[in-house]
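A.B. asks: The lines below spell out each chain.
Number of protein chains: 2
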Amino acid sequence: MANPDYKTRAGQPFSRDAFDSLLARKCFLWQSFEPYGAVKGFYDYGPPLEELESQVVSLWRDHFVRTEKMMPLKCSMITPYSVFKASGHVDKFADYMCKDPKTGEILRADHLIKEVLEARLLSDREARGEVVGQVEDDAKKKKNKNKVKNAPIKLDESVKKEYEHLLATLDDCTGDDMGALIKKHNIVNPSSGNPVADPVPYNLMFQTQIGATGKEPAFLRPETAQGQFLSFQKLLEYSRGQLPMASASVGSSFRNELSPRSGLLRVREFLMAEIEHFVDPASGKKHRKFSRVRDIKLPLLDRKTQSEGGSTPKTMSIGAAVDSKLVDNETLGYFLVRIMQFMARIGIDAKKLRFRQHMANEMAHYATDCWDCELLCSYGWVECVGCADRSAFDLTMHEKATGVSLKVREVLEKPATVQEWTVNLDKKKSGPKLRKDQSKVETALDALSQEERQRLAGEMDKNGNITIPVQGMDGPVTLDKDILTIAHETITKTTREYTPNVIEPSFGIGRILYCLLEHIYWIRPGEDTARSVLSFLPTIAPVKTLVVPLQGDSKFDPFIGQLEDLLDERSISYTVDKSGVSIGKRYSRADELGVPFGITVDYETVEGKGVTLRERDSMTQVRASIEEIAKAIKEMSEGITTWDDVVKEFGLYAGGEAGKDE
Amino acid sequence: MANPDYKTRAGQPFSRDAFDSLLARKCFLWQSFEPYGAVKGFYDYGPPLEELESQVVSLWRDHFVRTEKMMPLKCSMITPYSVFKASGHVDKFADYMCKDPKTGEILRADHLIKEVLEARLLSDREARGEVVGQVEDDAKKKKNKNKVKNAPIKLDESVKKEYEHLLATLDDCTGDDMGALIKKHNIVNPSSGNPVADPVPYNLMFQTQIGATGKEPAFLRPETAQGQFLSFQKLLEYSRGQLPMASASVGSSFRNELSPRSGLLRVREFLMAEIEHFVDPASGKKHRKFSRVRDIKLPLLDRKTQSEGGSTPKTMSIGAAVDSKLVDNETLGYFLVRIMQFMARIGIDAKKLRFRQHMANEMAHYATDCWDCELLCSYGWVECVGCADRSAFDLTMHEKATGVSLKVREVLEKPATVQEWTVNLDKKKSGPKLRKDQSKVETALDALSQEERQRLAGEMDKNGNITIPVQGMDGPVTLDKDILTIAHETITKTTREYTPNVIEPSFGIGRILYCLLEHIYWIRPGEDTARSVLSFLPTIAPVKTLVVPLQGDSKFDPFIGQLEDLLDERSISYTVDKSGVSIGKRYSRADELGVPFGITVDYETVEGKGVTLRERDSMTQVRASIEEIAKAIKEMSEGITTWDDVVKEFGLYAGGEAGKDE
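Those protein sequences? They're chains A and B, same order as listed. Each residue of the first sequence is one higher than the one before, counting from 397 in my numbering. Each residue of the second sequence is one higher than the one before, counting from 397 in my numbering.
Don't read these hints as lab results, they were simulated from the structure. For clarity, every value in this text was computed on a predicted model and none was experimentally measured. Beta carbons are placed, not taken as given, at the ideal position from N, Cα and C, and that holds for glycine.
Calculated lysine-lysine pairs in the BS3-like style (CA-CA distance at most 25 Å, straight line):
| # | chain 1 | residue 1 | chain 2 | residue 2 |
| --- | --- | --- | --- | --- |
| 1 | B | Lys465 | B | Lys685 |
| 2 | B | Lys810 | A | Lys974 |
| 3 | B | Lys803 | A | Lys422 |
| 4 | A | Lys436 | B | Lys481 |
| 5 | A | Lys465 | B | Lys981 |
| 6 | A | Lys630 | A | Lys803 |
| 7 | B | Lys611 | A | Lys495 |
| 8 | B | Lys824 | B | Lys877 |
| 9 | B | Lys495 | A | Lys611 |
| 10 | A | Lys422 | B | Lys630 |
| 11 | A | Lys611 | B | Lys436 |
| 12 | A | Lys682 | B | Lys974 |
| 13 | A | Lys403 | A | Lys748 |
| 14 | A | Lys889 | A | Lys803 |
| 15 | B | Lys510 | B | Lys579 |
| 16 | A | Lys436 | B | Lys630 |
| 17 | A | Lys796 | B | Lys436 |
| 18 | B | Lys1030 | A | Lys1030 |
| 19 | A | Lys1030 | B | Lys1027 |
Which bits of chain B does chain A cover? Going by a derived footprint, with three or more residues having C-beta under 8 Å, they are:
| # | segment |
| --- | --- |
| 20 | 425–432 |
| 21 | 460–472 |
| 22 | 595–606 |
| 23 | 640–652 |
Chain B is faced by these chain A residues, among others (derived, beta-carbon under 8 Å):
| # | residue |
| --- | --- |
| 24 | Glu430 |
| 25 | Phe438 |
| 26 | Tyr441 |
| 27 | Gly442 |
| 28 | Asp458 |
| 29 | Lys470 |
| 30 | Ser472 |
| 31 | Phe602 |
| 32 | Thr604 |
| 33 | Gly623 |
| 34 | Glu633 |
| 35 | Phe650 |
Can you build the whole structure from these sequences, using the hints too?
C.D. replies: See the structure below:
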């Protein structure tokens, strides 16, 4: 249901129906495979949205990859089972579902609870006479859908409070928690009235198979991160062993959602842009460029405020936030600022952006700190970027599972003396026994932690041999004490080995695009009818300019042709509208598509007096030669100049027929 | 096995091993999931290749989407079963595989035949003493792999000819053909010596499931085309009903290859860029811009030449080719030229490019004409772009399967009188009976062809009712003559309906990138050792310039910093190499990565005399201020100026320390 408090950028009430209808009419998107009956959770991007995505991704690459000297990377989407077994996704990447035992219907547990409690709260508001306008419509729709026939029911104040608290904390619930809630609050399947079975986990990855043998199960990746972790040694090579270093991937990920909903916000196939910034934990996670951003202020909604039931962010400088340890470290803080700057560059409304810190129980157990960049839209606050300090978790997991070192080896400036457990294989003796497996065994031995070595030393003392699993071999290997020595020694180290920590800013591009569309949408009051406008910044607008002849007159054709050639030459995207409707209507059509500029060829053009250029938001115009106009559009599209600069250069043009119809 | 006749761009013998080792060393690519044991057919793109792909895709979008006013589109990759059932992929998108019944090994039938016959031909060449150099090495490797222990065997001249003919025509073979060949030529599994079972088809699509019910089987798309066809009505709406129109998609596709091989040329996950150009067949498939390209010459290897055993293309103008009907129509011809121009823009060697016409039996049965743009590399001629006239096949198939009209309705300039079978549903009578299915039935009736209507008129006469299947309903529907009239009438038409034909240029981006890398690779003879160079055009080079201080001296640092800021400001990608090795070695490292330019900060810089700029291929230098150098690099990277222009402007710089070490 659309948030009744959500307003357009012009402060007008927001109608989801009107907005959705605009997006559909202008071919921004549609459900995939419509002729076959649309399948939930899959969308095709039509021309304006595809072009928008492309421009936003280009800008993302410029803002992060080029400016921050990251290493771009493209990893495979189809991923073998063993990778996601080690990462924890096979066991833990699940939603809980409840079955309606009578109808066979499958419901997502958290959605079921949310829907029923919200309906009860709505019914309570109706009973109190609080429901008006848009909410009322939505309430009616929902009631019809859920076959709620009964009259509004008023709730006790304490019950109402409890429901509100439950809805706010639902994300933190385990499957068992939700099972208990369903029983306690008599939650039944709204469409059948049947009680539902206990919640059971359902893995969200799409499964497939590689090859014909059936022996290579695989998944479509649910995030791009794992491929980046597995490329760690290559990245280290490419960066000549220097940390900090960062990789960046823009690519599709897939989640087999049980019940996709909320349009582009929860889909089964989506584009992500993920950064893995690898840093030496001993460095204190300082950032070289932190001093440049130190004084920039961010709206931070911290953990403490949330646990006290608050939802108002504190605006403070990132320097103060890191100094007070509210944000764990400089690197994390630096990325929060860069994320906010990126959002500003694409046109996100700063007043509809906040950073929310994860609650302790909401955060993955290995994470040190995590902040979501949330954008406000008619669905509420939506997580669009996650920015987490994942510590050394992922590299450690994959190293354990494969025995392949995912560590950095660093030459120490001064040698250091330490006490350590060492393992030494007598290669002369082990060679004839291990043969081709020799190097695999060495790799496995090298990967043993100090704790494991100590334990194995005990085993060796006791049995005279030890047995260890070795990656790439069928069974474990037993090594006798005559070929393997484990000792506790004082050694002088000239190098230091460590597993880097990872700071991961992870962007959901589809969600950002959707919120952006809502943020730039507004209604222009009109004489006859109100008209929708999408105010894309010129730098990311899918189409930069409209080209129109004043009316149907063949005199204008050569000038239109000339303009087309000129715009083509300068790589400026445009659309020509020669249709018979009034010029005002043609501009309105372009406003709906978010085209920032419009060039009109009129009778003065024929007299050699140039063309007019109209700006979408202010509807003001200037007049200049076609070369000057093309140059102005190019420079505004590249963010070099603004409309104000153009007006200053050419002066406002008040006359002319172009504006009359609007 | 590398083609022994393949040469580098400098005319040198090409060593696959040396080339592969360069790509690996410079982190262009690696097999995915290496720590878990690489999985065949999956590659990760490292920083230089990812950046190259991004630049080539940008250029493709500029060259086709923007310049040709195409509609960019992004469709879902996961696609329901029913779509690929209708498109024919479920039944026909298969390779043939043979099982070794004793070992359980699965072999791709065509690969098996190719490998065995090629090994026999090689053995013959060895027996004749013709095998030298690289080929010998490859032969040895292959012999070891296939455990061929016996001495070289000479073949009869007629057998040799037969093998060569078979290898040239293997692509045209059906499964049965291949089964017969395997028997006739005693082809066995080379690694076991066992006879193999008859070839059986194996579907190449990755299968998965949507949702939790198990009722929604789906595939990963093996091409992007079907999503574009299913979006036809939306595209038509966006283009305001005007044809010709074209959509374009850049996106990943997936094929579950039985035995991936040949590096990037045959992989399981790959990027495609596909155009669907929709055209009115009654227009003769003319193209508005054909006159602009008419005189451009292409190397065309036609069907007739191939069937006579020839492989030398004829170079002729596209105008002559279309006039003589060698190329079926202007639109197809226009695209062939645009494909060739695109290849030139990214740096493909024109001498290693040809257009090969499909043989009649090689072409899909529905295609009118099909030409592949093939690029020569060390693996031979590789299909990199297919350009087919697919007629109305796809839209017709999907319309049949769904009952949804995928036709264009055009208002006729003059009304036309025709004799036609009409169907009329009496809605007053049918409404109460059909209820909510009314519109589905109407859609199904509208979609009936004239032939079907005639047949149904007969059925109605005979039985007093007809029965038709209706999309979206459980069973067929029976309609009585009192609610449905089928008549043969003379009607005056004011509109015309037709299914557009589709011309489809389809690009395999990974293959193009691989061939490009081979085309720009050469060896610079050196005093001590020969050094590899990748000669990327400045417009697509992943990194535009190297920045080096002459040697380790802190005096240079402020200038390096100044340069970095300036290059960042102008969005020029660069890499700084301050390592201790000689300047010549640092340039060589950048040459291997294909960096076109190098800026050196030296002692003259400190004296205010600017920096030197070195060009990779010629190793010549100029000297100018850092602002001038940055501007020059920017303009060369945008294709506005060339190195020759820069030399003309600043003059060659002969002095300085930068060149000495090379």
